[in-house]
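In order, the protein sequence lines correspond to chains Y and A.
Every letter in the first sequence is one number past the one before it in the working numbering, and letter 131, counting from 1, is 164.
Every letter in the second sequence is one number past the one before it in the working numbering, and letter 222, counting from 1, is 268.
One thing to keep in mind: the hints can contain errors.
[What the hints assert, rightly or not] Simulated coverage check for chain Y against chain A, where a stretch passes if three residues somewhere in it have a Cβ under 8 Å from a Cβ of chain A:
1) 213 to 226
2) 232 to 238
3) 258 to 269
4) 437 to 448
[Claimed, not checked] Dumping the calculated BS3-like pairs for lysine-lysine here, alpha-carbon to alpha-carbon at most 27 Å:
5) Y:K470 x A:K335
6) Y:K194 x Y:K314
7) Y:K265 x A:K181
8) Y:K304 x A:K305
9) Y:K314 x A:K181
10) Y:K116 x A:K51
[To be verified] Some chain A residues close to chain Y (C-beta under 8 Å, calculated; not the full set):
11) R93
12) R96
13) A99
14) D112
15) Y201
16) F203
17) G287
18) S289
These aren't lab readings, by the way, just hints derived from the structure by calculation.
A virtual CB, placed ideally from N, CA and C, is assigned to each residue, including glycine.
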Amino acid sequence: MHRPAKILMALLSAAVLLATSACSPEQPAAENRVLKIVYQKTDSFTALDTLFKDAKKEFEAANQGTTVELQPIEANDDDYGTKLALALRSTETAPDVFYEDTFKVRSDVDAGYLLKLDSYLEKWDDWKTYNEAAKAAGTGDDGGIYAVPLGTDTRGIWYNKKVLQKAGISLPWQPRNWDEILDAARKMKAADPSVVPFNMYAGKASGEGTVMQSFYELLYGTDSQLYDQQEKKWVVGSQGFTDSLAFLKTLYDEKLAVTPAEALDANVWKKVFGEWLPQGKMGAVVEGSYSPSFWQKDGSYEWEGYAEDMGVAKFPTQRGQEPGGVSMSGGWTLAVGADSAHPDQAFQFMTTALNKKNSLAFTIASSQIAVRSDVAAEPDYLAANPFVKDVSELVSVTHYRPATADYPRISSAVQVATEAVITGALSPEAAAEQYDKTIRDQVGDAKVLQK
Amino acid sequence: MGASKPFRQQLRLLPVVPSVLLLLLFLAAPVLWSFHASFTNAALTGRNARNPAWTGLDNYERLLTDSAFPASVFLTVVFVVASAIVGQNLLGLLIAGLMTRARKPVSAVVGTAVVAAWVLPEIVAAFAAYAYFSKDGTLNQLLAGAGWSGADWLYAFPMVAVVLANIWRGTAFSMLVYRAALADVPQDISEAALMDGASGWQRLVFVTLPLIRSSIATNLMLVTLQTLAVFTLIWVMTAGGPSNTSTTLPVLAYQEAFKFGDIGYGTAIASVLIVLGLVFGIAYVRLLKGDKR
Numbered sequence: 034m035h036r037p038a039k040i041l042m043a044l045l046s047a048a049v050l051l052a053t054s055a056c057s058p059e060q061p062a063a064e065n066r067v068l069k070i071v072y073q074k075t076d077s078f079t080a081l082d083t084l085f086k087d088a089k090k091e092f093e094a095a096n097q098g099t100t101v102e103l104q105p106i107e108a109n110d111d112d113y114g115t116k117l118a119l120a121l122r123s124t125e126t127a128p129d130v131f132y133e134d135t136f137k138v139r140s141d142v143d144a145g146y147l148l149k150l151d152s153y154l155e156k157w158d159d160w161k162t163y164n165e166a167a168k169a170a171g172t173g174d175d176g177g178i179y180a181v182p183l184g185t186d187t188r189g190i191w192y193n194k195k196v197l198q199k200a201g202i203s204l205p206w207q208p209r210n211w212d213e214i215l216d217a218a219r220k221m222k223a224a225d226p227s228v229v230p231f232n233m234y235a236g237k238a239s240g241e242g243t244v245m246q247s248f249y250e251l252l253y254g255t256d257s258q259l260y261d262q263q264e265k266k267w268v269v270g271s272q273g274f275t276d277s278l279a280f281l282k283t284l285y286d287e288k289l290a291v292t293p294a295e296a297l298d299a300n301v302w303k304k305v306f307g308e309w310l311p312q313g314k315m316g317a318v319v320e321g322s323y324s325p326s327f328w329q330k331d332g333s334y335e336w337e338g339y340a341e342d343m344g345v346a347k348f349p350t351q352r353g354q355e356p357g358g359v360s361m362s363g364g365w366t367l368a369v370g371a372d373s374a375h376p377d378q379a380f381q382f383m384t385t386a387l388n389k390k391n392s393l394a395f396t397i398a399s400s401q402i403a404v405r406s407d408v409a410a411e412p413d414y415l416a417a418n419p420f421v422k423d424v425s426e427l428v429s430v431t432h433y434r435p436a437t438a439d440y441p442r443i444s445s446a447v448q449v450a451t452e453a454v455i456t457g458a459l460s461p462e463a464a465a466e467q468y469d470k471t472i473r474d475q476v477g478d479a480k481v482l483q484k
Numbered sequence: 047m048g049a050s051k052p053f054r055q056q057l058r059l060l061p062v063v064p065s066v067l068l069l070l071l072f073l074a075a076p077v078l079w080s081f082h083a084s085f086t087n088a089a090l091t092g093r094n095a096r097n098p099a100w101t102g103l104d105n106y107e108r109l110l111t112d113s114a115f116p117a118s119v120f121l122t123v124v125f126v127v128a129s130a131i132v133g134q135n136l137l138g139l140l141i142a143g144l145m146t147r148a149r150k151p152v153s154a155v156v157g158t159a160v161v162a163a164w165v166l167p168e169i170v171a172a173f174a175a176y177a178y179f180s181k182d183g184t185l186n187q188l189l190a191g192a193g194w195s196g197a198d199w200l201y202a203f204p205m206v207a208v209v210l211a212n213i214w215r216g217t218a219f220s221m222l223v224y225r226a227a228l229a230d231v232p233q234d235i236s237e238a239a240l241m242d243g244a245s246g247w248q249r250l251v252f253v254t255l256p257l258i259r260s261s262i263a264t265n266l267m268l269v270t271l272q273t274l275a276v277f278t279l280i281w282v283m284t285a286g287g288p289s290n291t292s293t294t295l296p297v298l299a300y301q302e303a304f305k306f307g308d309i310g311y312g313t314a315i316a317s318v319l320i321v322l323g324l325v326f327g328i329a330y331v332r333l334l335k336g337d338k339r
């Protein structure tokens, strides 16, 4: 009966333990400063670990008496976010420098977790090399800059040329509207009923993947919006929302996407990258610009032929209306903890991690889109994989999530709506209605805009 | 001597002081903290993260309008009744009853098999159950071997799957309790009933069950409270899905508190769970009291 409290306590005490073990050597002696760095590491994402190990060596050699303590958290994006948030809650456990998702920056600034970097950035020459969109990614509601991006990403259609060829679709493929996607998918299905022609994620299990690599590509290509930037309100009752759900329903009902049961497995993306695309069992999927990082040498799902077999297309708008394509961008940043005992050293460590050499290596290893102009101009970067140019061009049609503190609930409500539609539990209209009601309940009528 | 007697008596309490302190610190304190947090807008991130404000009954009012909440209470009650009160309890009694009659080697083998599931750490048991019920899992492979095509159990029948998994995992406890209880039933009473011409069924209902009534109440209380709190098993097997069809209160509380960062609301759900536990608890305590009359 005390279980939820116990879970809470267990998590909190784990965080406290983490902190005590980390903080014990942190005596205020100027000679022996310790910087605590928290970041994410998984078995398929080690590029950041490499980056910080290199930066630690470099930084410690240049700053005698300062020890950099790396604390990788091995977890998926959701759990990493939770663990980081728990660590940030207390000044005792808060790290000095940490890896922060761009869509959490605003709410964490609101919470007072992040140090304002404006005065530091003024004196950092490299800051000029960052493009405007990248500078905006780390901006808080007050206009100050609180985080520096490591890279960014875009999303498009990744298709297997062999599967499309078999269905008689001319290459390079570029659908101009939603109907052309369905036409091509139906042709692929007719040519070989065993392939999954065109997959778009749906349901709660894929989390942000469901919205970033699927639903928003649809919604942002309609005439409707998710969030009204001017009014700062969430849009409900829009035609585009229902249309987007209806498109997903068509994909799943006609078996053009994976089965609903497969879609609701949190590991579905591993099969997409590891089995279906390489084995020619999937025609196309909406995925991120980082896709080649899985197939490259030393990637999690090495695939020699990916450069020849795969192609990238822009995700089209609903009826081909301007600007003709849709992409979503996210990306991760580095930030300094607001309560860091050594903010100067922490910022200095951050600049070491983000210098040209380290940025270049990380950008290539994790197939990121460069945010520093000097990295973007490097021949090594442009030659990293055959798709760098294609996915970089998507920046011109890309969107960022409206990452307010309410955003996680909105995102979850969207995921629930997609799940209800693909499982056949609700019609697109009913699911959109339920979404509207959920949003009203959760953020309040004052923050909702009826369309 | 007379004056130092109360002092000596108090001195005897000294050894329990550390454990009482630990209990207060690690059990009572988090529960109280959680209860307090449920009246605030405490959050993981955002403006209220470090300076939560007192919001009174707001979180509880929200519970009443949240459509996910009544569904979750219902699923929790179903889960407890089906997997603990009916499943673990009755199956445990049945196995214990059969074991008293079985030959030694048979009862030893059965006992080991049942207890094995209980010995596994919860996370291991959860993964085992996931591997058993998943689409390409053991169950479907067995069915395919027999020529039947299985279903995607975790997707099509998520509650059935988690209920069966919890029965599998928890029956050993009830079995052990009832074995001990049945061993204490005096043989002669049962024999006397037999002489009076009572059938096997009558002996069970009118002789054995009334004699082990207090064990039944204790067992019900323990398995109910354990099952109310089950989180890992469900989280690993279905994560509350698909579409919240296996989201019991602990899963809902976790999602609200840690996925949406709304600790205030999550702890309000946790408080409801405590109340639900109390309701079951009071019912069983009454059953126990009735026994002493």
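Quick rundown of the hints versus the structure:
Here the segment 213 to 226 of chain Y counts 0 residues with a CB under 8 Å from a CB of chain A, which misses the bar of 3, and the coverage is violated. Only when three residues or more bring their CB closer than 8 Å to a CB of chain A does the claim for the segment 232 to 238 of chain Y stand; here the count is 3, and the claim holds. Coverage of the segment 258 to 269 of chain Y by chain A is violated in this model, with 0 residues showing a Cβ closer than 8 Å to a Cβ of that chain against a need of three. Under the rule that three or more residues need a Cβ within less than 8 Å of chain A, the assignment of the segment 437 to 448 of chain Y holds, with 4 such residues.
Of the pairs offered as hints, the one joining K470 of chain Y and K335 of chain A is violated, with about 48 Å between alpha carbons and a cut-off of 27 Å exceeded. Proximity of K194 of chain Y to K314 of chain Y is assessed by CA-CA distance (about 12 Å); at most 27 Å being required, the pair is judged to hold. Taking the CA atoms of K265 of chain Y and K181 of chain A, the gap is near 44 Å; set against the 27 Å cutoff, the hint is violated. Proximity of K304 of chain Y to K305 of chain A is assessed by CA-CA distance (about 25 Å); at most 27 Å being required, the pair is judged to hold.
Using a Cα cut-off of 27 Å, the hinted pair K314 of chain Y and K181 of chain A holds, with the two alpha carbons roughly 19 Å apart. Straight-line distance between C-alpha atoms of K116 of chain Y and K51 of chain A comes to about 53 Å, which puts the hinted pair past the 27 Å bound. The closest approach between the C-beta of R93 of chain A and any C-beta of chain Y is roughly 5 Å, which is under the 8 Å cut-off, so the hint is satisfied. For R96 of chain A, the interface hint holds, since its Cβ comes within 8 Å of a Cβ in chain Y; the closest pair sits about 6 Å apart.
At about 14 Å, the closest approach between the beta carbon of A99 of chain A and any beta carbon in chain Y exceeds 8 Å, and the interface hint on this residue is violated. Here the hint on D112 of chain A is kept, as its CB sits about 7 Å from the closest CB of chain Y, short of 8 Å. At its closest, the beta carbon of Y201 of chain A sits 4 Å from a beta carbon of chain Y; the interface hint therefore holds under the 8 Å criterion. Interface hint status for F203 of chain A: violated, as the beta-carbon distance to the closest one in chain Y is roughly 12 Å, over 8 Å.
Proximity of G287 of chain A to chain Y holds as hinted, the smallest CB-CB distance being about 6 Å (cut-off 8 Å). Evaluation of the S289 of chain A hint against chain Y yields a held restraint, the C-beta minimum of about 5 Å falling below 8 Å.
Violated hints, in rising order: 1, 3, 5, 7, 10, 13, 16; the structure is consistent with all others.
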